[in-house]
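Visitor: Take a look at the letters that make up each chain.
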Amino acid sequence: MRRLLEGELELAVVSGFLYLPLRFDPGVAREVHREPGETAGGEARVGVIQVAGQHFVKTLSLASLIKNYGKVHPDAYEQLRDDYRRKHGLAAGWPGMLVGRKLQTIIFQIMPHFLRRKAGPGRKRLSPEEILELIGENHRIPPEYQEKARTYLDLEFLRNRLRELEESDEPVEPLKEGLVTSRQLRVWLHQTLAGEFRQEEKERLQEALKERGALAATRSRHLAVMLYLAEVGSLEMEGFGFFRLGWVDDYCIYKRTGKFALKDFYGRPYLFPDCRVAVYTTGSLKPVVLEKYKHPFLSRYAPGQEICLSNFRPSREFTAKNVIRALTEGLNGLFYNYTSRYRKGYHRLDKFWEAGQTFNFDDYRVPRDHPSLVSGEIEIKNDFT
Amino acid sequence: MALREDLKINRALSRKKKPLRPSLFAQVIQVVQEYALGDDFLKKLDHPGLEPTGPPFPLDSLPPKPVRAPRPFPLASEAEYNLAQAIISKVNNPYLFYASRPEEILLCPSLYRLNPGFGAETLERCHFALLLAYASAQQELQDLGAPEAVAADPEEPGGEAGIISRRARLAELRQLVERVEKHHFKAGK
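Protein chains in written order, with the numbering used here: chain A, 1 to 385; chain B, 1 to 189.
Just so you know, these hints were derived from the structure itself, not from any lab.
One or more hints might be untrue.
Chain B is faced by these chain A residues, among others (derived, beta-carbon under 7 Å) [what the hints assert, rightly or not]:
(1) Arg23
(2) Phe24
(3) Asp25
(4) Pro26
Using N, Cα and C, we set each Cβ at its ideal position, and we do this for glycine too.
Given only the sequences and the hints, what does the whole structure look like? Please build it.
Guide: Listed below in structure tokens is the structure:
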């Protein structure tokens with residue numbers, strides 16, 4: 001298609017379809033010059049027309065060209081969009097959503113699940129306002145975010161931009177029928193795409209106005225917290241946390257295990273250090289341990305290992321429910337799946353005979369009367385007796 | 001029994017894969033597209049005065065013929081297609097299949113007229129200008145006759161000087177033929 005737009009071809013436009021010069025070989029020539037009454041080869045001439053003595057063959061529709069140009073040539077499409085924005089003083093991503101959809105899900109749907117048990121004596125899930133209030137209490141939000149929040153709620157600037165875009169509306173003439181050059185097609189395509197970009201920008205502005213209108217009732221302190229989270233992209237509170245991966249709206253969400261203990265066949269306790277069980281919002285939601293860690297349900301002593309979970313099928317769809325389930329399964333796997341009586345997982349706490357194993361759990365073993373265990377500060381998770 | 005064997009052999013042969021041989025159109029359109037030939041090329045083909053009569057440049061400086069790999073199913077614009085078909089119908093001889101340059105297409109008719117018996121391998125390997133020079137030299141040798149006949153011919157115009165120049169020409173032609181046969185033909189033609 002790039003050759004079609006950037007070359008020096010002469011094309012034909014008929015009934016909204018683009019016709020390209022027909023390429024010949026003896027077979028094609030035979031079909032084209034066949035008399036109308038001849039039937040050999042069926043209806044081979046369908047789609048071939050003659051304009052100004054030249055033969056043209058039917059290709060794609062102009063509507064399809066406009067609709068799919070971004071998919072066929074994403075780089076060129078993005079370049080055109082950037083040029084349009086630059087020309088009209090619109091920064092990339094502006095005005096955009098305040099907080100990405102994934103981040104909203106993490107803060108308002110996933111985080112309350114892991115905080116609610118410690119939020120108070122009640123079991124009620126925290127509301128968005130309560131979550132923001134809690135984050136504001138636990139984290140020092142820099143004062144410049146208060147200022148940003150006030151500016152953000154000023155809708156007049158957005159309304160002016162929307163008005164300007166609406167005033168700059170120019171209807172694009174349809175491409176004339178008959179012979180056209182590649183250059184004419186290119187100019188028309190760019191004008192039509194510019195019209196689409198204008199429409200997109202208008203929709204984005206309208207959406208931003210709606211969103212900010214809804215936030216007008218929000219206390220500016222809460223809005224400052226949201227702006228802070230949107231910019232920083234990471235948070236940790238009461239063992240639950242997340243951090244952004246690169247610049248896109250993708251995150252690593254984790255929950256800390258805290259110190260815990262497991263016992264072996266002989267009832268000897270092993271004290272495991274804290275680690276983060278995490279899922280990534282990209283790809284399938286498999287629970288992994290972020291730190292370099294060893295555990296009977298991890299195959300090696302290395303960071304970023306998947307936890308062995310035999311009955312868990314991770315989902316690929318990012319929803320709050322799926323993330324909560326994956327994190328819970330991962331935590332339960334580390335805490336409760338190891339039993340000293342069955343051969344489950346990769347390793348056993350009390351054995352060191354597997355071929356190629358380079359580590360054991362002796363350094364985690366503690367006496368039964370370890371103060372943390374006696375005081376109940378650290379729980380033996382697999383003590384089912 | 002013999003019939004049965006025959007049938008088996010024939011069927012086995014008919015099942016054997018045959019290499020795809022490019023068409024004459026594929027060969028000609030490749031030259032047309034590669035050298036961007038236009039309608040003026042047809043005028044050159046039409047004009048008998050432009051037909052070369054001998055080697056236009058020293059035979060040793062002829063460029064080697066490239067190994068050709070025409071596309072199996074070439075497509076061309078309408079103008080190129082019409083030009084290729086016009087060349088095919090105008091030249092209309094089997095040597096055209098082996099022409100790899102515009103000048104070779106121009107030499108095709110003369111070469112075929114002088115010697116229609118060149119083999120495919122020779123035509124694939126040797127520039128048509130070389131073959132034309134070789135064929136013309138052979139033709140002239142035939143016309144001039146054997147050297148002994150030249151010496152004995154009392155009717156030679158120009159007298160003794162004529163005989164000397166004719167002998168020199170004969171020697172020159174012979175040398176040319178031998179050189180071409182030695183350096184450019186593998187075995188015979």
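Visitor: The structure should be examined with respect to each hint, and the outcome stated for every one.
Guide: Each hint, compared with the structure:
1. Checking Arg23 (chain A) against chain B by beta carbon gives a least distance of about 4 Å; that is within 7 Å, so the hint holds.
2. With a least beta-carbon distance of about 4 Å to chain B, the hint placing Phe24 (chain A) at the interface is held under the 7 Å criterion.
3. Taken as an interface hint, Asp25 (chain A) checks out: its beta carbon lies about 5 Å from the nearest beta carbon of chain B, inside 7 Å.
4. Proximity of Pro26 (chain A) to chain B holds as hinted, the smallest CB-CB distance being about 6 Å (cut-off 7 Å).
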